[in-house]
Structure formats: structure tokens, C-alpha cells
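Protein chains: 6
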Amino acid sequence: MSSLSHINDQGLPSMVDISQKQVTIRTAIAESTVQFPEEVFEQLSGQNFLTKKGAVFQTAIIAGVMAAKKTSDIIPLCHPLALSTCKIDIEPADNFALKVICLVRCEGKTGVEMEALTGASAAALCIYDMCKALTHDITISNVRLLHKTGGKSDINPGK
Amino acid sequence: MSSLSHINDQGLPSMVDISQKQVTIRTAIAESTVQFPEEVFEQLSGQNFLTKKGAVFQTAIIAGVMAAKKTSDIIPLCHPLALSTCKIDIEPADNFALKVICLVRCEGKTGVEMEALTGASAAALCIYDMCKALTHDITISNVRLLHKTGGKSDINPGK
Amino acid sequence: MSSLSHINDQGLPSMVDISQKQVTIRTAIAESTVQFPEEVFEQLSGQNFLTKKGAVFQTAIIAGVMAAKKTSDIIPLCHPLALSTCKIDIEPADNFALKVICLVRCEGKTGVEMEALTGASAAALCIYDMCKALTHDITISNVRLLHKTGGKSDINPGK
Amino acid sequence: MSSLSHINDQGLPSMVDISQKQVTIRTAIAESTVQFPEEVFEQLSGQNFLTKKGAVFQTAIIAGVMAAKKTSDIIPLCHPLALSTCKIDIEPADNFALKVICLVRCEGKTGVEMEALTGASAAALCIYDMCKALTHDITISNVRLLHKTGGKSDINPGK
Amino acid sequence: MSSLSHINDQGLPSMVDISQKQVTIRTAIAESTVQFPEEVFEQLSGQNFLTKKGAVFQTAIIAGVMAAKKTSDIIPLCHPLALSTCKIDIEPADNFALKVICLVRCEGKTGVEMEALTGASAAALCIYDMCKALTHDITISNVRLLHKTGGKSDINPGK
Amino acid sequence: MSSLSHINDQGLPSMVDISQKQVTIRTAIAESTVQFPEEVFEQLSGQNFLTKKGAVFQTAIIAGVMAAKKTSDIIPLCHPLALSTCKIDIEPADNFALKVICLVRCEGKTGVEMEALTGASAAALCIYDMCKALTHDITISNVRLLHKTGGKSDINPGK
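Just so you know, the protein sequences line up as chains A, B, C, D, E and F, in that order.
Per my numbering, the first sequence starts with residue 486, numbered consecutively.
Per my numbering, the second sequence starts with residue 486, numbered consecutively.
Per my numbering, the third sequence starts with residue 486, numbered consecutively.
Per my numbering, the fourth sequence starts with residue 486, numbered consecutively.
Per my numbering, the fifth sequence starts with residue 486, numbered consecutively.
Per my numbering, the sixth sequence starts with residue 486, numbered consecutively.
Among these hints, one or two may not hold up.
Since the list gives no way to pick one copy over another, a pair counts as held whenever it fits inside one copy or between any two copies.
Pairs of lysine-lysine residues, derived as DSS-like cross-links and limited to a Cα-Cα distance of at most 27 Å, are as follows [unchecked claim]:
1. K506 / K637
2. K617 / K506
3. K637 / K617
4. K617 / K594
5. K506 / K594
6. K537 / K584
7. K594 / K637
8. K538 / K617
9. K584 / K617
10. K538 / K584
Simulated from the structure, these hints should not be mistaken for laboratory data.
Generate coordinates for the entire structure from the input sequences, incorporating the hints supplied.
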């Protein structure tokens, strides 16, 4: 095996064999940010589109959950996993942005960081889709892992 | 209709009706950036993982193309579209990053910007997945539309 | 061909060949009803779960739209169709029930009644799923086509 | 948590976290009814389309099984589950109707009633699709849970 | 472009751009063969499992049709296509084998040979699955294109 | 139950109930062969398309892995399984052919031979798709199981 677990000795893509790994409760939390132009953000807020219970947030939550569940169909070398939960939270953030937080949990043999990142990405893309009638000058950034537990050691890149 | 075309008068999510729109050739180009820590990027480069024909790039291209094709299954209110093509290009960028460019074209009644953004996101997530054995301190940013033609007017937010 | 277009002369399942049919704008409207026990319906109403913008309705709308889009993956002999729109409306109905209306439109060579029925069914199943913590004594009924246009003749079974 | 387990304190859709629940063998049985006009039912029977081994029944069985397996892709907040089995039975019923019974079993942490209901619904929709060349005056009704075991307590709403 | 249309100048996988191609009615016919040990074939025949209307054939037909419809989700660089029909025929062949014939038709800009080959393969795999309780000494062979029309010139490799 | 486990007493398709079976580590290895005309094989080799790290092989590996993961969505009566790994190897073989080997492993209650066969088939179909610009005179053959362990007894039909 090369230093990249998804690439074999011949330099070819290869799914990791997790059959000998321990079953533990795995949790991962990822985030993403959707950045709007100031005037668009103000317009969206003023028209009550960015309220918790508005259609933008609710549709994005569903999009994120459903995408997290099908991560192994989107990311070629990911294992199919029976997620125990996927929770999406969306909050206004500084500088005319929305922040998406996606928590995924699974009792299984491999981490769920790709599921959390995929859920955070899909929710952000859905927010873009819901708001693009006003502008296409929207940017998704800061898609990253915040926290990961249940594997050999905890990981906290998001500090 | 509200000022957001995906939300109806009652504030509920609603798919746009494109049956009366013109069929034109629609093109959209989106990008995303995968940012690595300097030492990881150097290690990946030094071990030839970031060459054009390496497994990281080739797997990410396939991931991006396949995700773009199933955008309407990932983004709830997107229309199913018979894409004419999806092309993904990945290049090293400044500051220890990879840049993904995704071009989507379709002869149809609605724009393909969500397909381009979804392809660029999925390719970036796949790069993350392929490289995460080295670090989880990877960030996907700058997911945005560069260019869009074929609709009522051309859009170039990415300038 | 037998009198059933989906079964061939040998009595075997067979997809209809629509290659010689006319492209027209096809519309279909279907409905379904979700029936609750009186006390559960009152409890749901009293706790504001059955408001237009509540999570029950919004999630069910998304479920219906996404299922309508993938009808050809759920109903074996349905043609894949590029839907122009799918609109779901949910309203309280008589006798402690919710009524789902699903409109589907497509410019194509075959009717979209199965898409409308599939959307109405999935939205109803989602409402069941969202409310089943209170009771499993919920029944989905009256799943039927109301109206269909764009084919050889209009059909209005739902009168 | 609100009284609806799929809706959080903020009134937003939320997937239940089943990571702490017990693994048990879960079974659910659901039914649905497909109601035909008398003359259509007689015509179908007379032409032997409603025999056990005819294409209508066999295609509907496959539709039901495949839909039950992908319930988590159809119902947004359902958990992905590795079903142990899904069995569909279709029988003529009173008043020119067909009755679909769908049994689903799974060794897991959450009930499989939505899988059974989704299988029963998809089989009924497939019967509709197979027979709609004769009439669109077909109604699916009585989609409900009959029996559920393996959870905290058995549930028998279908009595 | 290299001599392989799916590989670009840099040697990387690339989806062909069909936006400038002509819309024509495209047809492709592919076949596959499922070869059994003599005694197993005789046993299957003797128990009436290989009759036209038996569950083996009917399930395999549905498997083939559904797989053909989702070819673009199975073969990475295939275009999503709205098939006009997919017809599967299964016949006993020489030497204790079954022959699957899959015809696919589409009005579109690119050929449907991969759809026909995918349908023929999936039907053969389903036959294997249905019969594997008797033996695993089953071989699928001769998966090939017989005929293709609607493109620049007709192709008949299967002569 | 009939002698075919996928067909019930009534002769209808039926998913096996595996809820009482033992969880073991299951492995299956299947192969397929892609046969080219001599001159095409030489041309492909001469232009370096059949090198290990070329786009033909890498795309086919991804196609095989992704198809193996969704076997239960392609083969109607297969159980959904959480694969531990899927590994694809492609090698030049005698007589101007490529041989695909697909290994699948799963900790579960049923064998993974259909997953291995589906992976081997999809990789072969992808090779066909990547090379069909040169010829359609390509045949996929010898799709068969080589080896299977983890069930009641080991099976080695591929000797």
C-alpha cells in the first residue's frame, strides 16, 4: 500500500478493506459556508427567506441528509454505511454568509467524515440553488471537517 | 411567485415550470479549490500523486462527471437534464492547492449551473477522500460559477 | 400486443415503444389522502405541526418532488422522462385527513400520470413517516388520477 | 425533541439518532388495495391477467421489493437499512380489487414499517401502471400497517 | 482528441460532447448467453423453471429493462438518455444455455449500444442469481452487439 | 420453497430471508474477459491505452467498484449489503483480451458472489465503452465465479 490508503502499490484506485476493523460508534462534524453579496443577503433577510423555518433552510436540510445517506454513490471509493443519524444545522454567520453544520453518526468500521462533508456540501449547493434567482455571485467555501471521533484517535482539524 | 423562483407565494419549496422555455444549448463552467497544508501538498507532489494521470485526478474526474449527471437526485428542486457533456479539469494552483474546473453542456430549457457546481464539488470531495490518509486538514473553498451561457443573458460572476 | 400495452403477445412484461409518438406538453394531476385518528389529528393541529410552513408539509413536498423525478427507477416499465415541473400541494381535508395534490408536467412522448401518482404517494408516505411517533393508525387512501392532458384525449377519472 | 421524533425543538426536520438503540429482529407487514371498476376487473380476469404467475403480479412483486430496498432514498428521514427480506403477496380481494401484502424483516436498530408501506405502495403503483391501458379509473387505497414487531412493543393497527 | 473518443489529449477520461450531433432514432440490439452444466439445465427445465412465463424469465426481463434505463449511472462516461423502449427476450439456446436479446431504442444524439449491452448483462446476471441455489458453475458469455442503426452508418458486428 | 431459493412455492419471485443466518466474513472472486480483434488490441497497446495507469483501466476499476456497491439496485432479489471492500484488477490475457478480476468482501449473512459478478461485468462493459470508438466487434465472455468463502462451504467453480 502506498501512503495513500485509496491507492494501491500499482498506483491504481483501490477501496480500503475494512473487514478486520473494529465496530465503534463513529461521529463526524463538518461545516460549509455560503457567502452572498451584501445586498443580496440583506434582501433575502428582509424578505424573511433566511428564517429557520423558511423553505430555503428546510429544503437544504433535506438535501444534506439525503446526500449524506448516499455518499457511497457519490464518492467512488467510500464504503456503503448504515448511518445512525445525520443532523444539519444552518445559521447566519458573519459577513453576509450562512454556515451549514452537518453531524453524521454511524456504528461501523470506518469513519463518517466523507458523509459529513458530503452532507454539508449538498446543503450548501441546495441553498445556492434556492437563492440563485437573485444572483449567481454566491460562493461556497470553508468546506471542512471540524471533529471526528470513534476511530484510532480523535481528530479536530477544525480548531 | 416570490422573488425566489424556487419558493411559491405561500413560502413553500416549488420546482420551476420550464415547459414554456426555449430549448437552447446551455453551458456552465464552475470551479472549486482543494487546499492542503504545505507539507502535505509537497509530500503528495513528491510521491507523484498529483500528476495528471495519477489515480487521484482520474478518480476525481469520474466522481465529478457521475455526480453532475445525477444532480437532480442530489439537489431537490433541480430538473432532470440529459447532459450533452461534462468535462472536468484539475490543475495545481497557488498556495498548495488543486483547482477543479467543471464544464457542463446541455441542449435544454434550463441552465446547467447547478450541474457544474455539483460536479466541481463532488470532484473536490473525491480528492479529499483520496488524500485524507495523510491529513484531515484539507479545505474545499471557492466553489463558484465562472461562466454561464444559453439563457436570457450570459452570466460571468467568476470574473 | 395484448389489450394491456405493458404485456406482450407472450404474456411477458414489456416496455411500450414510444419512439413514433408525438411530442406534446403532457400534464397529469393526482391526489392522495392521509387519514389520521381524530385525536391525533387534533393533537398535530394543536401543536402547529400541520401548518403550511411546518416541517411535516415541507419535507413531504420535497419527498414527493424527488420521487416523481425518479418514477422510472421505481415503476419498472415507466420511461425515463425529463419533467418540466412537479408541484405538490398539501391541504387539510374533511374527517381529520390531509389531502396531497401532485401536478406533473413534461414535454414528451408519453403521459406523466405515473409520475403524478408516484409523487402523491411518496408525499403521503413521508407525512406518515413524520407523524408515526404519535400513532401507526394512519391510512393512505384515495391515491388516484384527477386529470390528464396532452395525450390522444384528455382523461378526467377524478370527477 | 418535540412530540414528533422527526422534528426538532426548532420545528425543523431531523433524522432520529438510533445509535444507542438495541439491535433486534424487526418485522413489519403492510397492505395496500388496488380498486378497479367492475367491468375492467372482469375483463382483466377473463383475459387471465390476474393469475398468480401473470406479468402483472410478477412485475408488481419485483417493483415492491426493489422500492422497499430503497426506502431511505424515497422517504427523506428514513435510515438506510440492510433488509433481511422483503416478501410481496398479491391476492384478489372483494369488490373487484387486488390486495397487496408486503412483509419486511431486518436485523437492526429501527422499525421497518416505512419499508413495508413503501413496498406495498410501489407494488400497487406498478399494478396501476400495468393496467392503465384499460382505464385510469383505478384507485389505490387502504395503504396501512398491519403488524409490527421487534421494537419496544408490538403494534397491530391493522386489526 | 485521441483515437479513443472517451480519452482526451492528456490521456484522461472525458465524456464526449454530443451537443452538435443530430437527433435521430437510434436502435441497438445486444445479446448475452447464460451457460449451465447439462444436468442443471435439465433439472431447471424438468421443474419448469425455464418456461417463458416462469419467475426466472420474468424477473430477468425486469432486471434488464431497469438496468438499461440506468446505464448512465453504471457506465461512467455514458450520457443520460431518455429511452423510448427496452425490450428483452430470453430463449433456450444450444448446449444447455439461455440466450438473452436486448433491444433498446432512443430518439437522441448518441447511440444506445451501451444501454443494450448493459440490459443484456443485467438480465443474464439476474438469471444467474435466480438459479445459483443449484450451482455456481454458470458462465455468462458472448455479451456483444448484434446490430446498431441511427448513427452515421449502421453497424452489424454480430454477424 | 422450491429447489430455487429465489422462487416460492407458488412459482413467484421471492427474496430469501437471511435473518436467521450467521454473520461471517464472506469473500467472492469473479472474473470477466473482454475480447478484441487482434488489430484493435495491437492498436490499443501501441498507443499505450492498455497500460495499468491509463484511463481505460482506471475508469473501468471505478465503474466496477461503484456497480458492485449498488448490486442490490441492479439485481432485483439481492440483499443490500455493506461491502467491506471491492477490488478490481485488470490484466492483459491471451488472444488479444483483457481479463478483469473482481474481489468483494463483506461481513454479513449472505454471500457476495453477485456483487463480484456485477463488479466484473460493469468493469468489462466500461472497457467496451472506452474502446468502442475503434470497433464494436468486442465481446465480453467468461463472466464467472472463481472462488467463494464464508458460507456453509467454500465454492470453487472457477477451477
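Checked hints:
In this assembly of identical chains, the alpha carbons of K506 and K637 lie at most 27 Å apart whether taken from the same copy (10 Å) or from different copies (24 Å). Taking CA atoms no more than 27 Å apart as the test, K617 paired with K506 passes between copies only; the shortest distance there is 18 Å, against 44 Å inside one copy. For the homomeric pair K637 and K617, the shortest alpha-carbon distance between copies (14 Å) is at most 27 Å, but the shortest distance inside one copy (42 Å) is not. In this assembly of identical chains, K617 and K594 lie within 27 Å of each other by CA distance solely across copies; the values are 16 Å between and 39 Å within a copy.
Within a single copy, K506 and K594 get their C-alpha atoms as close as 5 Å, and across copies as close as 18 Å, so both meet the 27 Å cut-off. Both within a single protomer and between protomers do K537 and K584 lie at most 27 Å apart by alpha-carbon distance, with minima of 12 Å and 26 Å respectively. For a Cα distance limit of 27 Å, the shortest separation of K594 from K637 qualifies both inside one copy, at 11 Å, and across copies, at 25 Å. When the C-alpha separation of K538 and K617 is checked against a cutoff of 27 Å, the pair qualifies both within a copy, at 19 Å, and between copies, at 21 Å.
When the C-alpha separation of K584 and K617 is checked against a cutoff of 27 Å, the pair qualifies both within a copy, at 17 Å, and between copies, at 23 Å. Both within a single protomer and between protomers do K538 and K584 lie at most 27 Å apart by alpha-carbon distance, with minima of 16 Å and 22 Å respectively.
The earlier numbered hints are all upheld by this structure, with none contradicted.
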